[in-house]
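Colleague: Whole structure, please, built from the sequences with the hints as guidance.
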Amino acid sequence: MRRNIRTIAATAVTICLALSGCAGGNNNETTAQNQSQSGQTQAGTTAAGAPVDSTQSPETEATTVEATEAVDKTHKPVDPRSVDQIRAEVTSESYLPGSLREICQLPAPEGRNKYSTYDDYLKMEGSSDKPLYFCDYKGEQLLGGREIQLLEKLKYSKYFVYTTPAVDGETHCGLLDSQGSELLSADDGASLIEEFIGNDRYVIVYYFDGTTENEDEAVHTSVTIGMHTGTAKVYDLKNRRFLESTTTKKRPAFHAHGDIVYDYMVSQDKKKLVYVTVEDDQIHELDFNYDLVGDKLIITHDYDNGIVTAYDHDMNLLFTSPYEVKAMPNTPDFYYIEELFSADGLQGVIHYTGTLITEPVYKRIYYSAGEIFVYTKDYNKYGVMNVGGEKVTEQIYEAVNSTGVLGFIAGTYEDGSKDLMDEHGQVVIQHGHFNSNSSLNHSFIRHSSFIYYFDNEANAASFFVVNAQDLILTDIKAYDYFGGFVLYDMKNKVLYDLATGSVLAEGFTKAFSAYGYIYVEQDGVITAYECQTELPQLILGN
0 MRRNIRTIAA
10 TAVTICLALS
20 GCAGGNNNET
30 TAQNQSQSGQ
40 TQAGTTAAGA
50 PVDSTQSPET
60 EATTVEATEA
70 VDKTHKPVDP
80 RSVDQIRAEV
90 TSESYLPGSL
100 REICQLPAPE
110 GRNKYSTYDD
120 YLKMEGSSDK
130 PLYFCDYKGE
140 QLLGGREIQL
150 LEKLKYSKYF
160 VYTTPAVDGE
170 THCGLLDSQG
180 SELLSADDGA
190 SLIEEFIGND
200 RYVIVYYFDG
210 TTENEDEAVH
220 TSVTIGMHTG
230 TAKVYDLKNR
240 RFLESTTTKK
250 RPAFHAHGDI
260 VYDYMVSQDK
270 KKLVYVTVED
280 DQIHELDFNY
290 DLVGDKLIIT
300 HDYDNGIVTA
310 YDHDMNLLFT
320 SPYEVKAMPN
330 TPDFYYIEEL
340 FSADGLQGVI
350 HYTGTLITEP
360 VYKRIYYSAG
370 EIFVYTKDYN
380 KYGVMNVGGE
390 KVTEQIYEAV
400 NSTGVLGFIA
410 GTYEDGSKDL
420 MDEHGQVVIQ
430 HGHFNSNSSL
440 NHSFIRHSSF
450 IYYFDNEANA
460 ASFFVVNAQD
470 LILTDIKAYD
480 YFGGFVLYDM
490 KNKVLYDLAT
500 GSVLAEGFTK
510 AFSAYGYIYV
520 EQDGVITAYE
530 CQTELPQLIL
540 GN
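Under numbering that gives the first Met the number 0, the residue at position 384 of the sequence shown is numbered 383, and the numbers go up by one with no gaps.
Calculated from the structure, these hints are not laboratory results. Only a predicted model underlies this, so the values are computations on that prediction, with no experimental measurement involved. Treat the hints with care, since some could be wrong.
[Unchecked claim] Using C-beta positions, here's what the derived DEER-type ranges look like: (1) 108 / 211: 45 to 51 Å; (2) 165 / 315: 49 to 55 Å; (3) 390 / 243: 48 to 54 Å.
Just so you know, even glycine gets a beta-carbon here, dropped at the ideal spot from N, CA and C.
Modeller: What follows is the structure, encoded as structure tokens:
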């Protein structure tokens, strides 16, 4: 935060009250007029409708009430974003051809030892199939040969947690990046490192100092056996530092909101919203009627006038709206909107800057990928909409799913056949194009980052190539996916770039991946490569 939030909170409440009496807070002339009107009374009426001073005459009070302007409940973005600007933020112009850049060669194994991979890391194995030691990405002993009991990749990020052997019944944890450099050393005494669910920026680090049978005294109980006393605090992986202000001796309930970390257990004052900002690592407070929503917004409500006001994390006013604003999964930029006090639950979409995508008229609408939203009015059929609020398909599908490939979705018909569509709703590949009479033996299958078409009769797969918009890698019997759109044809020993279908490498003995790098063995020499395919970060849809 670049300003004192405690001061801003009081200021923001005043602003919000003033907004309820003007056209969403964006008409300076109307605001000045309202302020002038309130200044002409002895005590005046508050914007929230507080009683007028009893010393006023009935005529004066009636005149004041009649002069009150109707509240404008339309959307009022301070800096409205155009559809073209929003589209440029959420889509990519092209997928560039890939290439492999040599990083290093791994040391040759001695005797019967060999390299093996598991959970995206390297280890050196002996003839007994027991690990002799863990390796870094260069094939050298990790941490200079320090003994490691366990190495695990974090689920949501590219970092690794290592655990030391137990000493006096205790183990300690450390944190490594993909190149084997320590972010946190186990020597610091961390007992446990835990991720935020679905978040790749923060982890919670626990330091236990004893045990307890009193749950109210426990710092953590969900993973370890028994209950422990001690401390927990948040580590910011992006900036590689602790947020010391998050330190707690109670069971943590941390939630991440972009560059804000909120712990429901921090404040004993239920009338305050208490959180820590990454920028200054300080505890801040807001009035109780403010809510952190999604990764980018702070929301407050004027229920008397039916107005919701949205601020960014520096308390800059973004927009006012007559709709409830809620976080939308899988995207930091778009939010659900719903009618206030409505029981029908109809949904629409708004951009975080206040640009309205669509009014709340759908039973369900959600973000899929790129500029694609999926909508339904009856839960029976689904259609596709873009960021301009334009329906690019009607409700003709039983389901619409993200493929994992940015800008492409799959629509499923009642008979199980599927269309593959681009981000504009144009059908790129129809399921019946391959075998219209055998839908059970042909299907699109969603993988983490690519689409393939599997023929059960031929026991082979064909792979979708993004730039070619076709399944041009065909009849591949056995394969592995190395990330970054690199496909390994295990039978023919070929590495393909799924962005273009081009060959990245061939004529080698075998290939494998670890730490995000690709390893190719040829003539007994193992070479590590970095994949330089330039692709946008994928956001998986519902």
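Colleague: Evaluate each hint against the coordinates.
Modeller: For each hint, the structure was consulted:
The beta-carbon spacing between residue 108 and residue 211, approximately 48 Å, falls within the hinted interval of 45 to 51 Å. A C-beta distance of roughly 51 Å is found between residue 165 and residue 315, which places it inside the suggested range of 49 to 55 Å. Taking the beta carbon of each, residue 390 and residue 243 are about 50 Å apart, inside 48 to 54 Å as hinted.
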